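These are the residues of each chain, in order.
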Amino acid sequence: MSIDKDTVGKIARLARIRVSEEDKETLAGELSGILAMVEKLNAVDTKGVAPLTSVVQMKLPMRADVVTDGGIPEKILQNAPEHSAGFFVVPKVVE
Amino acid sequence: MSGIIKGATGDWEMVIGLEIHAQVLSETKLFSGASAAFGAAPNAQVSPVDAGMPGMLPVINSVCVEKAVRTGLGLNSVINLESVFERKNYFYPDLPQGYQISQYEKPIVGNGEIEIDLPDGTVKTIGIERLHLEQDAGKSLHDQHPQKSFVDLNRSGNPLMEIVSKPDLRTPEEAAAYVTKVRAIVRYLDTCDGNMDEGSMRCDVNVSVRRAGAPFGTRCEIKNVNSVRFVQMAVESEARRQVDVIEAGGTIVQETRLFDPKTGTTRSMRSKEDAHDYRYFPDPDLLPLTLEPDFIEAIKKTLPELPDAKKKRFIAMGLSPYDASVLTSERERAEFFEKAANGNDPKLAANWLTNELLGALNKAEKDLSDSPVRAEQLGGLVALIADNTISGKIAKEVFAEMWESGKDAAAIVEEKGLKQVTDTGAIEKLVDEVLAENADKVAEYRSGKDKLFGFFVGQIMKKSGGKMNPAMVNDLLTSKLKG
Amino acid sequence: MTKLTHLTIKAALEGLKKKEFTASELVGAHIAASESARHLNCYITETFDSARAQAKEADARYAAGKALPLDGIPIAMKDLFCTEGVQTTAASNILRGFVPPYESTVSGKMKADGLISMGKANLDEFAMGSSNTTSAFGNVINPWKRKGDNRDLVPGGSSGGSAAAVAARIAMGATGTDTGGSIRQPAAFCGIAGIKPTYGRCSRFGVVAFASSLDQPGSFARTVEDNALLLRSMAGYDPKDSTSVNVPVPDYAAACGGSIKGLRVGVPKEYRVEGTNAEILALWDKGVEMLKDAGAEIVEVSLPHTKYALETYYVIAPAECSSNLARYDGVRFGQRSAGENLIETYENTRAEGFGREVKRRILIGTYVLSAGYYDAYYNQARRVRKLIWQDFIDAYQKCDVLLTPTAPTPAFAIGENTQDPVTMYLNDIFTIPASMAGMPGMGVPVGLSADGLPLGLQLIGKPFEEETLFKAGHALELAAKFDALPQLLAA
Ligand SMILES: [Mg+2]
Ligand SMILES: [Zn+2]
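Chains as they are written, first to last, in the numbering used here: chain A, 103 to 197; chain B, 42 to 524; chain C, 514 to 1004.
Since the hints were made in silico from the structure, they are not lab data. Keep in mind it's a predicted model, so treat the numbers as computed, not measured. Do not take every clue at face value.
To be verified - Simulated crosslink set (DSBU-like; lysine-lysine; CA at most 35 Å straight-line):
#	chain 1	residue 1	chain 2	residue 2
1	B	Lys189	A	Lys107
2	B	Lys147	A	Lys112
3	A	Lys112	B	Lys189
4	A	Lys194	B	Lys303
Next up, chain A with everything else stripped away, as it sits in the complex (with noise of 0.2 Å):
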């Protein structure tokens, strides 16, 4: 399968990333090559096999309903781009 212009921008949508009409030129080649270089996997046999969830050999752990975090705001927003009596701010959202 290979990516075609149209293709990089609808992904491109999707990952918020603004992608000019040119780099989708480039773009849609080197991600048609990377995914030539995946499509290898098709042909590995994988019948039967459940896909691995972690390398990790436990149970997921828990942690106690205790309060430990919070109460900084100032800390939270500190590396805001924008902020204002304590909220995050961003250019109005329409709904």
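Put chains B and C with the ligands on the given structure of chain A with help from the hints.
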């Protein structure tokens, strides 16, 4: 309201499925140690994990797992011994990680069913599709500034149980009864406070219409409906809208809609064009969640008696199905009833609770928890009626006094000398007195004017201040009039 | 006495204890060396002032007889580890200026053991690369050069700044992270040793994520034993990382020097891949002989699915990265570019904030996860990954450790290999299989190429048996007697 919509071209049936987001009652968030309490200053309950900061990792809250299992058991559902957390990927300013950790292919709870109680006293079984655990998003405020939105992440990462029904509901009333029942169950279980005002329970309502017996139509999802009444209104207006669209020759587009309580109608949310490609995949920061059968058994042992079981028991005690469902619809009510009925006639206790006390509370706009008459006190009043110490009529007077003063029924009866007279001699004397004073009416009665019997009773009761035992008065009067 | 910057960590600790020199002198010597090697561009953020201050504190502890286990040793910290109060960039424009309000578990443990960070080491942007040429803060230059060729060479990647700093003797050790070979390959290119421990051995908490199911912190140093000292400080269970494994951390240094008599060393036949440099194949044979002479038993093993490891990696790593990097949206931290509306703001922020290679991987990852392709690509890759893992488990029935080349070529010149992404990806062909299986791997410098560049071999061990790697690695090191110096220092 009913499930049938009269269209220009005939009748249509509604098909309704509900997704209820119920916030797990826990101290902290699903994957971080920040507080999950409601109402803090903006961003005051946010850990770097909840803010999606670089390198931050999720660690699951054990109480949330336990309560999800508990709720699943309460919904008579299958508990899955292995479930998987997946990432649902999309961009939104109140979704800090750029994905929501949720469960997709393998939820913690699978199929089940619950019974809903309809206003006419009938019961319907509704299928539960699944219950899964997921993170809540933060909150965006859009109306504070003309060009900006403000984001508060306090809610980000809060633990939610998403409870998904099968599309088994057919009327707005059924939808309302379903929400009410789920709310009652989670409150009995202590797994969610069911507070719809604070958003700890929110409903997504899926509605479609079809001709009776036809395959399902295309559905629309109405997001975040936050009261039982609004659920009914949203279903009603959305189904009507769909019928109008179809009958005008249009087709229903599957979309997400918003309910506006001001207009009582739904409107389309500007459809996000890529909203349908969430690119779910198992979260590599978390391993599959595995549960031991022993763990589930242990939780099973701690389950309280749930509304349906309680209802059945109450009916067996002699209550009407209607009273039983009213009394079990809320845990506090059922507990109040059981205390009041303790050692008493259950039916009588139920009548006094549903008719008198709940009526008075409703009028005074009070909750059962701040009732001036305690359960034991109501029980005391019922006991006095049952053993003929007071009549039902006097009991109403006593109840009013209890409501005002908070005193016990027995004390009021004692103080005011309201004890019923059951001494045959005293009653006979009064009967004779009344008959003597009304000799003309006695003659009329004897000549066939039966209706006068009530008049004699009234006179006797009046003279005695209502304290004569009504049954004994009846017996004596009957025999004297015959004589 | 040798120059302070040429000491091993082990020797430096002895010198500090014997008061032959102070931590301030040791750190001062490394700062001076760093200043004269600035053209290598090893650091994104230098933290010399705080290093000097910490050295003073270390000296006070030595004077009081209360020194910490690794007190006063100057190291480089890969700029993927979040450091409280110190800019952390992941070598990306999108994180320029980001100052974390928290510390990664690994860097915190190292600080607690007295290690002193000289600065945040340069890397490939978000650890995506094998040449350290994708950094938004410029290329890192390898202190080695080919004989008679003055072109600048790449240090390997992604932990290029860390490896170059240790090779150039401006830091005694360094942290790295390894997702598909990002410790082992740069160690080979720079002529030093490095270890990627078993997945789950070191906490990922506070480490900027690239591909969560593969990322694993590890160390660089000039000797195997120095790596043992560093890894012991870095490793250990962390309840803040749900994939961290709760097993005790042994004294790795104690394993160095142990006999390898009877150790079964597996040689996987599938690693003789086409396109591998002949000198490297010859070195591999030599390495086998060295271990055999030291008493090891050599067995041929088969890892039949190895030939699919690279392809598996280039589905799984981009898929995870596309999701992990969604948080860089210009809302809560990092850089924001202006846009007409919110979506444009996102799109411009991410278009301008991310470099080409990162964008390429996000896009391919988005594609393989998207509706219709998920099962064919992502799930198929996870199934093949299971087979790769099973290969290792099977091989370990016959051997205790595997010996392979680390990289298919020695270091190449900047710009030499970077035209086609797929060619560049081949750099990690020998390191990726162990990453896919979560197995620990160690790179050891073993010899020089004809044109004077370091060449390394890789040892791969059983899960949580890093001690075997240290034992075998130390034996290999002893036999190889690699003591060449980069031209930078020889000159
Ligand atoms: Mg929903
Ligand atoms: Zn949901």
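**Request:** If any of the earlier hints don't hold here, list their numbers in rising order.
**Result:** Violated: none.
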